[in-house]
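Read off the chains here:
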Amino acid sequence: MTSQWTIGSAIARNGPAVVRTGRLAQTVRWFRRGVVPWLWGLVFPAVLFPIWLAGSHWGWLPEQILPKPADVWGTLLEMLRSGELKAHTGISLLRVVSGFVMGTAAGLSLGAAMGLSRTTDDYVRPLFTAIAQVPALAWIPLAMLLLGIGETLKIVMIAVAACIPIAMNTRAGIRHVPREFVEVGDTFKFSAWQKLRLVVLPGAIPSIFTGLRYGLTHAWIALVSVELVASSEGLGYLLVWGRQMFWLDTVLVAMIVIGLIGFITDTLLAVIEQHLQRWRIDGA
Amino acid sequence: MSGHLNVQHISKRFTVDGGPIEVLSDVSLSIRPGEFVSIVGPSGCGKSTLLRLLAGLDHGFDGTILHDGKPILGTSLDRGIVFQEPRLFPWANVRQNIGLGLQNAPLSAAQKAETIAAHIGLVGLQGFERAYPHQLSGGMAQRAAIARGLVNRPQILLLDEPFGALDAMTRGKMQVELQRIWAQEKITMVLVTHDVDEAVFLGDRVIVLAPRPGRISHIFEVAAQRPRLRTDEGLVRVRNEILLALEGQGPASASTGRPDRDLLARPAA
Amino acid sequence: MALDATGSEVARPVAICRGLALPLGLLLLWEVSSHSGLFNPQFLPPLEQVATTAWREWASGEMLSDLLISLRRDLSGFAIGTGFGVAVGLLLGLSPVFDRIFTPWFNGLKQIALLAWIPLISIWFGFDEAAKIVFVALAAAIPVILNTLEGIRLTSRKILEVGDVFKFNRRQLIALVYLPSALPSILTGLHLALIYSWLATIGAEYFMAAGQGIGGLVIAGRERFEMDLVLLGIVVLGLVGFVLDRLANWLEYRLIPWGRS
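Protein chains in written order, with the numbering used here: chain R, 1 to 284; chain D, 285 to 553; chain A, 554 to 814.
Calculated directly from the structure, the hints in this document are not laboratory data. Don't take every hint at face value.
As the list claims (entries may be wrong) - Straight-line Cα separation of at most 30 Å, DSBU-like style, residue types lysine-lysine; simulated pairs:
{"no.": "1", "chain 1": "R", "residue 1": "LYS68", "chain 2": "A", "residue 2": "LYS663"}
{"no.": "2", "chain 1": "D", "residue 1": "LYS396", "chain 2": "D", "residue 2": "LYS457"}
{"no.": "3", "chain 1": "R", "residue 1": "LYS86", "chain 2": "R", "residue 2": "LYS68"}
{"no.": "4", "chain 1": "A", "residue 1": "LYS711", "chain 2": "D", "residue 2": "LYS470"}
{"no.": "5", "chain 1": "D", "residue 1": "LYS354", "chain 2": "D", "residue 2": "LYS470"}
{"no.": "6", "chain 1": "A", "residue 1": "LYS663", "chain 2": "D", "residue 2": "LYS354"}
{"no.": "7", "chain 1": "D", "residue 1": "LYS470", "chain 2": "D", "residue 2": "LYS457"}
{"no.": "8", "chain 1": "D", "residue 1": "LYS470", "chain 2": "A", "residue 2": "LYS720"}
So here's chain R without its partners, still in its complex pose (with noise of 0.2 Å):
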């Protein structure tokens, strides 16, 4: 039977005696759930946008740090219209997907080994932990020097961002699936491959997953990093070459694709963890 505390939300809670659920009514519920945030959202840009438009008509600021909108809406159109955009974007995609895909291999690998292993943990998670102080960006010039600027320093760049975190999670997961399950699992008589695949691995899949989503937002970060410093091609390319040209308008364009594809995947990722999270047994 239902008690107070599981019916609906606070509307149902203390709201009128009698609830009207009329076409009418049902219809201003929509208007108010589904549309009114989107106004709200709107109010920001409304009151900037005008003060943006007469600032840079007015020359407020020179034209490199306040472009009008006009010029940044006409070269996002030719950015798109020539391809270009296209064209960069796909480029940091591929490196991004490449080296997310060689760090989870290696993030994976590693942080089973580390997490099933006692002897592999005590060998090299004190090493792989220290590495792992030093922030993925710090490594830049030193692999630059040993691996010039081609392609490889950015894919290993990205796998080695990438894999850091993935590796950590998996470990974590992997050991920190609760002893009464694995218990359990002994009193079944269960080998040890059966407790792997029965018991531990699913156990610890929110724990990877959640690695998962570190690895790919440091890949990210990873990717625009090499890119700022030695690319010819790329997001993180238009970035520069924006700003060695004073094109504030590339520059925002080439934010607003990161920002769009980082929002894109992390939601993503987001809803697919939510459909992990239903069964995850360390009570989180």
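Fit chains D and A to the supplied structure of chain R, relying on the hints for placement.
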């Protein structure tokens, strides 16, 4: 006389997935000043909802509730409440938590300190003034919550299954404590519980609610002497009557955990 | 797994020995290879050379001054960023109006990889100290805003009801319920800000060259093809990051005496 509650034809509905559910339907009740009223019933009978309406925490109901003749429009310092969880602020120690109740009280700092100390003594937590909630046992935390509920010297104290989360032995001790505090403070108390033994041990009257829709099904007077003895014959008799009444509502409504041999052995008087 | 007071695993003697095996082995390998004549000494300097370079840098005071400059940058940006971040986070968390207007935009902006801001900032502020500090402040502000916001959002409804029962007005609710309740989250935000602001300091020094600092040391080493300088710089960067992280952990532990719920 202060501390009089008059509940007149209360109804409350919720909407769940499109359809309305009537949690309380035409409930009327009068609680005398200084009385101890216990409310029992199975899950879903609306007893907690009723208590929250008395506190002024929830709104949107049909009917009127009068506190000393004035309609209840929201919470008030004259109506204290103790929840099932102690709900102590984790970042404050016992003394500060109780002191929080006096934030808006028209007392001087010295008076506040005095009454806080008095209430700590009342619930028997001397020595624990500087302890943080995470350092307290369940029973001690609830005692602190009771002290906080009383620190404003409200006319009415409402208790929503305050001992439900405690183990059986602590619960028994807390019931004795609560009776002592009630006798000492002489204020109106309304207790919601699913434990029939607790209800008869503490109450002057026991209101039995039935679910779907929530309504009063029986009112029992408990005429036993105070301080109460759990083995008192009159007490046991009323208890059995209440259990029968709950049984009559349908399966799985009575809950004391005791076997039903009592019911068969002693016919209702 | 035995745990100590702060929740980290206690090292077993066997584990410590094994843990040292790999690093020591690698150092040995390095030393041998660098003397074998198979590698260009610029790419694989012998350990003694790294040590002498380290000593030289330290003794001349260069290392210390670089370190102090980097730290000053880091902490200035951190202070500005966190101050700003807490204020904004509180505003967004406590005011439904500001929340509805600004939070969606903030959520969008935070998606842009941190380093992607560097070109924009360098166009607006140039390459000097101010620009670097602005960048570090940005890096610090983002996690602080996020965590402060979340801390306020997570305030227990049950505790708020207690405030209602005692007729707390808005000021009392904020000061006595929302703020203390959000404190653990805010501290987490500060901890993250400390990590990210160090990261941003390194990034600023790498990508907005000109000026001294440990990052500058590393860049100089790269340009002169002096591997030992690069290695030295990177080790120092890692060490500082490690120390800052530990410091933040300890502070978090000390500032919340009431235990985490």
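Right, here's what the structure says about each hint:
1. LYS68/R - LYS663/A: 24 Å, holds
2. LYS396/D - LYS457/D: 28 Å, holds
3. LYS86/R - LYS68/R: Distance of about 24 Å is within 30 Å: holds.
4. LYS711/A - LYS470/D: Judged against 30 Å, a Cα distance of about 28 Å means the pair holds.
5. LYS354/D - LYS470/D: The hint holds at about 21 Å.
6. LYS663/A - LYS354/D: Since the Cα atoms of LYS663/A and LYS354/D sit roughly 53 Å apart, the hinted pair is violated (cutoff 30 Å).
7. LYS470/D - LYS457/D: 20 Å, holds
8. LYS470/D - LYS720/A: 24 Å, holds
Figure legend: structure checked against the earlier numbered hints; the only hint not met is number 6.
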